[in-house]
Amino acid sequence: MYSEKVIDHFMNPRNVGQMEDADGIGIEGNPACGDIMKMFIKVKDGMITDAKFLTFGCGSAIATSSMATEMIKGKPVDEARKLTNRQIAEALGGLPPVKMHCSVLAADALKSALEDYERKKAAKTTSAGV
Amino acid sequence: MYSEKVIDHFMNPRNVGQMEDADGIGIEGNPACGDIMKMFIKVKDGMITDAKFLTFGCGSAIATSSMATEMIKGKPVDEARKLTNRQIAEALGGLPPVKMHCSVLAADALKSALEDYERKKAAKTTSAGV
Amino acid sequence: MAKAIYLDHAATTPIHPQVLEAMLPYFSQKFGNSSGVYALAQEAHKAIDEAREKVAQVLCCRPNEIIFTSGGTESDNTAIKGAAFALRKTGNHIITSSVEHHAVLHACSYMEKFGFEVTYLPVDKFGFVRVEDVERAITDRTVLVTIMLANNEIGTIEPISEIARAVKACAGKLDREIVVHTDAVQGGGTLDMDVNKLGVDMLSLSTHKFYGPKGVGVLYLRRGTPFDAQQVGGGQERNRRAGTENTAGIVGTGVALGLAAEHMDSYNEHCRKLRDRLIKGISSRIGGAYLNGHPTRRLANNVNFCFEHLEGESILLSLDLAGVAASSGSACTTGSLEPSHVLTAIGVPANLARGALRLTVGHDNTEEDIDYVLSILPGIVEKLRAMSTTAQLI
Amino acid sequence: MAKAIYLDHAATTPIHPQVLEAMLPYFSQKFGNSSGVYALAQEAHKAIDEAREKVAQVLCCRPNEIIFTSGGTESDNTAIKGAAFALRKTGNHIITSSVEHHAVLHACSYMEKFGFEVTYLPVDKFGFVRVEDVERAITDRTVLVTIMLANNEIGTIEPISEIARAVKACAGKLDREIVVHTDAVQGGGTLDMDVNKLGVDMLSLSTHKFYGPKGVGVLYLRRGTPFDAQQVGGGQERNRRAGTENTAGIVGTGVALGLAAEHMDSYNEHCRKLRDRLIKGISSRIGGAYLNGHPTRRLANNVNFCFEHLEGESILLSLDLAGVAASSGSACTTGSLEPSHVLTAIGVPANLARGALRLTVGHDNTEEDIDYVLSILPGIVEKLRAMSTTAQLI
Ligand SMILES: Cc1ncc(COP(=O)(O)O)c(C=O)c1O
Ligand SMILES: Cc1ncc(COP(=O)(O)O)c(C=O)c1O
Numbered sequence: 001m002y003s004e005k006v007i008d009h010f011m012n013p014r015n016v017g018q019m020e021d022a023d024g025i026g027i028e029g030n031p032a033c034g035d036i037m038k039m040f041i042k043v044k045d046g047m048i049t050d051a052k053f054l055t056f057g058c059g060s061a062i063a064t065s066s067m068a069t070e071m072i073k074g075k076p077v078d079e080a081r082k083l084t085n086r087q088i089a090e091a092l093g094g095l096p097p098v099k100m101h102c103s104v105l106a107a108d109a110l111k112s113a114l115e116d117y118e119r120k121k122a123a124k125t126t127s128a129g130v
Numbered sequence: 001m002y003s004e005k006v007i008d009h010f011m012n013p014r015n016v017g018q019m020e021d022a023d024g025i026g027i028e029g030n031p032a033c034g035d036i037m038k039m040f041i042k043v044k045d046g047m048i049t050d051a052k053f054l055t056f057g058c059g060s061a062i063a064t065s066s067m068a069t070e071m072i073k074g075k076p077v078d079e080a081r082k083l084t085n086r087q088i089a090e091a092l093g094g095l096p097p098v099k100m101h102c103s104v105l106a107a108d109a110l111k112s113a114l115e116d117y118e119r120k121k122a123a124k125t126t127s128a129g130v
Numbered sequence: 001m002a003k004a005i006y007l008d009h010a011a012t013t014p015i016h017p018q019v020l021e022a023m024l025p026y027f028s029q030k031f032g033n034s035s036g037v038y039a040l041a042q043e044a045h046k047a048i049d050e051a052r053e054k055v056a057q058v059l060c061c062r063p064n065e066i067i068f069t070s071g072g073t074e075s076d077n078t079a080i081k082g083a084a085f086a087l088r089k090t091g092n093h094i095i096t097s098s099v100e101h102h103a104v105l106h107a108c109s110y111m112e113k114f115g116f117e118v119t120y121l122p123v124d125k126f127g128f129v130r131v132e133d134v135e136r137a138i139t140d141r142t143v144l145v146t147i148m149l150a151n152n153e154i155g156t157i158e159p160i161s162e163i164a165r166a167v168k169a170c171a172g173k174l175d176r177e178i179v180v181h182t183d184a185v186q187g188g189g190t191l192d193m194d195v196n197k198l199g200v201d202m203l204s205l206s207t208h209k210f211y212g213p214k215g216v217g218v219l220y221l222r223r224g225t226p227f228d229a230q231q232v233g234g235g236q237e238r239n240r241r242a243g244t245e246n247t248a249g250i251v252g253t254g255v256a257l258g259l260a261a262e263h264m265d266s267y268n269e270h271c272r273k274l275r276d277r278l279i280k281g282i283s284s285r286i287g288g289a290y291l292n293g294h295p296t297r298r299l300a301n302n303v304n305f306c307f308e309h310l311e312g313e314s315i316l317l318s319l320d321l322a323g324v325a326a327s328s329g330s331a332c333t334t335g336s337l338e339p340s341h342v343l344t345a346i347g348v349p350a351n352l353a354r355g356a357l358r359l360t361v362g363h364d365n366t367e368e369d370i371d372y373v374l375s376i377l378p379g380i381v382e383k384l385r386a387m388s389t390t391a392q393l394i
Numbered sequence: 001m002a003k004a005i006y007l008d009h010a011a012t013t014p015i016h017p018q019v020l021e022a023m024l025p026y027f028s029q030k031f032g033n034s035s036g037v038y039a040l041a042q043e044a045h046k047a048i049d050e051a052r053e054k055v056a057q058v059l060c061c062r063p064n065e066i067i068f069t070s071g072g073t074e075s076d077n078t079a080i081k082g083a084a085f086a087l088r089k090t091g092n093h094i095i096t097s098s099v100e101h102h103a104v105l106h107a108c109s110y111m112e113k114f115g116f117e118v119t120y121l122p123v124d125k126f127g128f129v130r131v132e133d134v135e136r137a138i139t140d141r142t143v144l145v146t147i148m149l150a151n152n153e154i155g156t157i158e159p160i161s162e163i164a165r166a167v168k169a170c171a172g173k174l175d176r177e178i179v180v181h182t183d184a185v186q187g188g189g190t191l192d193m194d195v196n197k198l199g200v201d202m203l204s205l206s207t208h209k210f211y212g213p214k215g216v217g218v219l220y221l222r223r224g225t226p227f228d229a230q231q232v233g234g235g236q237e238r239n240r241r242a243g244t245e246n247t248a249g250i251v252g253t254g255v256a257l258g259l260a261a262e263h264m265d266s267y268n269e270h271c272r273k274l275r276d277r278l279i280k281g282i283s284s285r286i287g288g289a290y291l292n293g294h295p296t297r298r299l300a301n302n303v304n305f306c307f308e309h310l311e312g313e314s315i316l317l318s319l320d321l322a323g324v325a326a327s328s329g330s331a332c333t334t335g336s337l338e339p340s341h342v343l344t345a346i347g348v349p350a351n352l353a354r355g356a357l358r359l360t361v362g363h364d365n366t367e368e369d370i371d372y373v374l375s376i377l378p379g380i381v382e383k384l385r386a387m388s389t390t391a392q393l394i
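Chains as they are written, first to last, in our numbering: chain A, 1 to 130; chain B, 1 to 130; chain C, 1 to 394; chain D, 1 to 394.
Just so you know, not all the hints are guaranteed correct.
Incomplete in silico selection of chain D near chain C, CB under 8 Å [as the list claims (entries may be wrong)]: (1) Asp-8; (2) Asp-124; (3) Ala-322; (4) Glu-367.
Here are a few chain C residues that face chain D, going by a calculated C-beta distance under 7 Å [what the hints assert, rightly or not]: (5) Phe-31; (6) Val-37; (7) Gly-71; (8) Asn-77; (9) Lys-214; (10) Gly-234; (11) Pro-295; (12) Leu-316.
The list that follows gives simulated cross-link-like pairs (lysine-lysine, DSSO-like), each with its CA atoms no further than 30 Å apart [unchecked claim]: (13) Lys-82(B) to Lys-120(B); (14) Lys-73(B) to Lys-121(B); (15) Lys-125(C) to Lys-30(C); (16) Lys-113(D) to Lys-113(C); (17) Lys-89(C) to Lys-30(D); (18) Lys-30(D) to Lys-30(C); (19) Lys-273(C) to Lys-383(D); (20) Lys-73(A) to Lys-383(D).
Treat the hints as calculated values from the structure; they're not laboratory data. Yeah, the Cβ is synthetic: ideal placement off N, Cα and C, and Gly gets one too.
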């Protein structure tokens, strides 16, 4: 059912855990299946220096979270923003059709975290400007 | 499906053929299945001295005809009249339920032959009495 | 029994050794329920997928248009009920032929209880359905046309692609949906099964007719065909046929159909030779013997004769005692008292129809087998006729 | 995979070697179609008769009250449709429970399309249907009550004989015919199946649940029960279920059920020990683990827990990678996104219901297997909880 890469990322998930001093946090829940993902990013000079996740969900929810965090680490924010759920799924060697929604969730959580980061940055800039 | 005795009477039917000088002839057809049996008897001094049959029908129709003729040969007419289809079936070691109607047909054909004999005898007696 | 010659391949066939071999691992080792998450289950899942692809290849369709069932009867029932109920709001008329297998005929009459009307088309003396008859029967209430690909008793091969084309043309003119189903059970593995050439929306197969196991079959369901699932429950077969999959049977179906397709031409050639030898032999050696069905436009393995003044079962029994397994028509009506509806439909008189003998050859039969049958059959017929009331007296 | 411990016997079981051995001759040698006249066919016919007698013995009924089907799903569908359609003129109300298998639930909703109304009875926190609820639900339109013998997810054993008695009493008072069916698929071979003690008119079994083949099942149909055949065609199974018989599967059913009945007590004893060891071990070693179903009035082989903050599939996957095959509930809803309807019915909150793990033991399992599972499960739960959003944050 799952590719070897999915299994690897499920068994040895990268970047599990909370991040105390995150620059952006995204949380997404899929009401259809009840999965919940939370992603944390650390940004420095427009580069994502660290990413972490927590996930309540099935094997592929965990694997896609893990892969998504891996794929954005060390990438510029601008590039991370372009990451699609298909790319995440492909990087995992594909997902079963019934599990594609997990990759959507991961991409969405990442997007939320990036948006949260932008928002916070904007807020900081504004308050600094005041 | 069939007992050994049925098979024996089917493969080596006793008393097959027509009888030119029969004292009684019975013909019975079962409209339900299209089987047709014809039985011939020869009677002397109230005893059935010979019996023959012709049958268009399935294996058990042939076997019951054969057995019925065997069972009445050498028997007094009065006794032959009491022969039931069950007795014929039993003598054959039983018949499959769907084939019991063949034994009924054989018993009926025999009864017809006996009735024909009685009728002819009565006719002869009457004409002799005139 | 001295001899053992099997001439009832239309009733069922032995499982091909390669098929059985392919099935064996799925009984006690790879026994997982294909719905599970774990490795054992995924093995079963994969095996089922592969079988589906093989079948799809032979039928020239998509794998997800293949539904595995418990046999030809279920496929026929499900096709007819599934399409008719799905189109219930658009009409209530079904067209079929008078020579169909009982699985189709009775499924159609089942629908009569739900307000459907069924037209049972006549056939000509060879058993052919006329395309014009189908066209004429179509009304603005017609939802389904179901005509068999080949007849199980007399081997007649129906002009399905012509029929399907005509139905679709009429449906177009009437601007309505009319589903075309064919019971291809008797053509499985020996006739071209390309569903696009045939032009059908649904097609039924039964695995045990092509050297596979009993209790498993196929329903081809063209994408987009209106269909209400009949066996409901778990989501198996994409919600179109519930129930834990018969993994071994499904694997066997894939392998058996694949083998049949691969060797189709040589198999048909082999059968045709034996068939024609039988037909010629019987015709020349036995008087009062009439071939049922068309001399050439029939299944390569089917021989069906009626013998004057004889009754079918007594011939079968005599043959059986001589080591030859044969049938008087369709397997499931053997032992029934009524003359075959197929023979009646092609105009065989009732009495003659009772003297029917069907010999269907197959893989293991040889010319010697045929010659043996031809050597004993005249004697059997003669002996039975000598006892027959109708031959002697009427 | 280092280990291979199978703990999903409720989903399916491997075929017992003796069962497979009994089946083998019917694939390629004694392959005759049981409807034929000849010896080969009669062999098959006899084998089917013998299997029927064996099954009848276990169910304490007459052989001709046994119908062989293609599995539990067909038995359930046929029972429900067959009885409801037959009694259609007398009423249109069906009573079932909210914890039935989908084969029953969906067959009931299938009937809704034909004007039937279905009452889905609630259950208590252990999953028991209350006899009073059944009684109260009966109306003067009720034609059928179908309640399962034992639940496939949580193992709860329903009080079927009490329910059947109550229904028959109500039916008597109302002077109407109400058929009682039980889906006994999960109790096959491990619970008392005496249909007279149970008091049911119909009962479904699926052979692959008791170490027999997949794709074959049993429908017990009490003599005189109103019933419209659903799969129609040839006259097989006395016109109650058409289709060429799956001889090998039917033979396997007879042998498998016979073996199960013979060894029932020791088998249940074996399973119960392992079950209780699992329940005790999980309860004591893992926090936030809740047993579903009743502690003792459950199938001897069934363990079902919900784990807080976890999602079922990730547990299954972890177990699979450690060589343990398990399920999150019924086989056919694994992979579905909705929480189990059974867990919902017994009041488990949606989030907790998603963390369900069903472990069902069987013949080959040992105490070592159980101890192995108990040794790895706490680590798996811990690891997954460490990743879980809900455990960490909410
Ligand atoms: C033409 C035809 N249709 C349907 C069937 C039914 O197939 P099965 O008996 O395998 O269910 C058969 C064979 O019995 C058949 O010959
Ligand atoms: C309680 C119950 N009923 C019915 C079924 C359906 O049986 P099958 O899948 O063999 O058709 C099952 C198992 O899947 C079951 O557990």
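Hint numbers the structure violates, sorted upward? Violated hints (numbers, rising): 2, 3, 4, 11, 15, 17 and 19; every other hint is consistent with the structure.
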